[in-house]
Amino acid sequence: MKSTDCEGKKIRCRSLCIDGTKYRTTLHKKYQKRGPWSKHEKNKVYSFIPGTILKVFVKEGQCVRKGDNLLILEAMKMQNLIKSPVEGIVKSLNVQGGTKVPKGKLMVELGFGQSANTS
Amino acid sequence: MGLKRKILELHKKREEVLKGGGDKAIEKQAAMGKMTARERIISLCDPDSFHEYDLFVEHEAKDFDMDKKVLHGDGVIIGTGTIYGAPVCLFAQDFTVAGGSLGMMHARKITKIMDHALKMKVPLIGINDSGGARIQEGVNSLAGYGEIFFRNTLSSGVIPQISVILGPCAGGAVYSPALTDFVFVVDKISKMFITGPEVIRTVLGEEISMEDLGGARVHSEITGNAHFFAKSEADCFDQIKKLISFIPWNNMKKATRFEPREPKPEYKISDIVPGDPRQPYDVRDVIKAIADDSDFFEIQELWASNMVIGFGRMNGETIGFVANQPLVLAGVLDVDSSDKAARFIRFCNAFNIPIITLVDLPGYLPGIDQEHAGVIRHGAKVLYAYSEATVAKMTVILRKAYGGGYIAMSSRHLRADFVFAWPTAEIAVMGPEGAANIIFRREIMESKDPDKTRKQKVKEYKEKFANPYVAAARGYVDSVIEPEETRKLLLHAIEVSGNKSVFLPNKKHGIPPF
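Respectively, the protein sequence lines represent chains A and B. Position 83 of the first sequence, counted from 1, bears residue number 83 in my numbering, the numbering being contiguous throughout. Position 31 of the second sequence, counted from 1, bears residue number 31 in my numbering, the numbering being contiguous throughout.
These are computed hints drawn from the structure, not numbers from a lab. Note that beta-carbon positions come from the ideal geometry of N, C-alpha and C, so glycine has one too. Check the hints yourself; a few may be wrong.
What follows is a set of in silico ranges between Cβ atoms, one per label pair, in the way DEER data are often shown [stated by the list, open to error]:
| # | chain 1 | residue 1 | chain 2 | residue 2 | range |
| --- | --- | --- | --- | --- | --- |
| 1 | A | PRO36 | B | VAL470 | 34 to 42 Å |
| 2 | A | PRO36 | B | LYS28 | 40 to 48 Å |
| 3 | B | LYS464 | A | GLY111 | 55 to 63 Å |
| 4 | B | GLN456 | A | LYS44 | 31 to 39 Å |
Start from the sequences, fold in the hints, and give me the full structure.
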């Protein structure tokens with residue numbers, strides 16, 4: 001085989017394992033760039049769309065029930081009311097009114113199980 | 001007024017309109033390293049073959065002082081011409097006139113030539129260079145886009161449609177190219193996106209240049225929206241002409257036949273593929289060793305390059321080649337490569353182009369990202385495309401053909417007409433390592449030296465199943481052939497497939513896993 005690609009750059013082969021067999025091959029950019037997977041954690045509220053935080057209803061340390069309003073995330077001219085997915089305590093609040101958030105930002109992190117006692 | 005004066009008047013009117021957006025705007029266009037719309041059409045068509053229509057079309061917009069503005073030809077050129085003698089319909093947006101913005105009459109000119117192309121059954125080439133919708137014309141401009149998309153869809157599979165992106169092509173405008181068969185882009189000139197850097201900055205606060213967001217490289221390497229990448233406009237026009245030479249005028253015709261030629265002697269088919277199935281090689285060299293004049297015109301070269309697709313000729317006839325590329329990701333099927341192959345197979349089938357498939361793949365790419373990206377649905381596209389294709393289908397299994405990959409790559413079971421296998425072929429339910437680990441799990445676990453037993457069992461499995469003869473014994477492979485015989489047999493297969501006719505169940509249309 002030729003040791004250069006169409007643009008004359010040297011080709012560096014690597015190993016790729018499929019069904020127990022290791023193949024010598026190259027890995028394209030998109031494959032190399034793929035991100036790691038992580039399990040979805042229910043107590044972490046991420047922005048599902050880029051936008052602006054219009055209003056925050058809770059404070060750090062506050063207890064919330066499942067379904068309580070956390071904040072309003074405005075995106076694409078729509079005001080999205082974000083509710084608490086679990087019962088718990090607001091462990092960290094990473095946004096405030098006016099904050100612009102990208103997609104996938106951790107906005108609120110909730111701690112489990114203390115609300116019943118403290119509220 | 002005498003005839004002469006009237007003719008003079010026509011000349012004057014023409015001259016005026018042919019100025020487009022005027023000298024200043026033309027200078028600006030040149031400063032951006034871009035040709036004007038008319039220069040582009042002239043470079044693309046055979047000399048003196050282009051004829052323009054609707055030169056004197058004017059817009060009707062009145063709001064926002066538009067009634068005081070003259071926009072020559074309403075910012076688009078339409079007409080007919082020939083490329084290597086093949087008739088084509090063309091439109092080219094003129095960026096020098098109101099930024100090539102699309103108003104109602106601009107769109108009407110485009111749809112007029114699109115209707116013409118569909119009626120006359122000739123290829124349509126659209127050159128896009130436009131700032132987008134003409135905002136002053138409001139919903140009329142949107143209506144224009146919709147009328148274009150509708151015609152793109154109607155023409156799909158009837159006439160070849162080619163989009164050339166030679167400037168910005170943003171917002172809704174990108175959907176016309178997306179609906180066409182081939183998209184050409186030029187480095188540093190083409191820009192395609194739905195929402196531009198401006199919107200991204202205001203909404204996300206993220207800074208990105210047009211080039212990084214939707215430049216020619218992005219669409220050629222990452223998104224797969226573009227099929228052909230060129231370094232310059234001149235290079236791009238050469239590629240378009242070459243493509244036109246490979247494809248038929250419409251779905252009722254065959255592509256023009258060329259003088260048959262032997263492959264170049266430097267491509268020695270027996271020397272390309274290593275015997276060890278774990279070692280890579282460039283499958284394009286195999287195609288070049290088979291195709292006339294070793295001429296292979298690759299499509300989407302930079303995207304999903306673990307699958308190779310493109311046109312070549314055999315005995316002068318256009319052939320679509322589909323091949324796994326062991327040089328990249330070991331040639332696996334994945335989301336992107338399935339998408340790429342399936343669409344190409346459907347193009348070939350729609351336009352009567354026989355398909356040669358070269359198989360050498362270990363299976364599907366394992367990974368969470370692949371599963372979550374829907375590799376099931378995307379992988380199914382390949383099965384669908386091969387199964388519904390009624391053109392002549394020839395398959396050559398060079399080395400590995402394992403599991404689902406074997407079935408997908410134009411196997412006998414999806415009605416390949418001819419299946420050839422080299423003696424190096426390994427047609428099996430999975431690779432020897434994986435298979436031995438499952439079948440002999442207990443024996444391996446219970447043995448004193450599991451590693452040694454595993455190796456022994458893998459060897460046994462390899463000897464028994466990693467060959468083409470098990471499949472040949474069932475007639476799944478028609479013939480086990482020497483690499484040297486490949487071209488001869490393929491030429492023969494194409495020759496005897498000339499009258500192939502297959503009838504599929506009557507239906508409105510199938511429902512491929514889009």
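Hints versus structure:
no. : hint                            : result
1   : A:PRO36 x B:VAL470: 34 to 42 Å  : 40 Å, holds
2   : A:PRO36 x B:LYS28: 40 to 48 Å   : 47 Å, holds
3   : B:LYS464 x A:GLY111: 55 to 63 Å : 59 Å, holds
4   : B:GLN456 x A:LYS44: 31 to 39 Å  : 50 Å, violated
Checked against the numbered hints above, the structure violates only hint 4.
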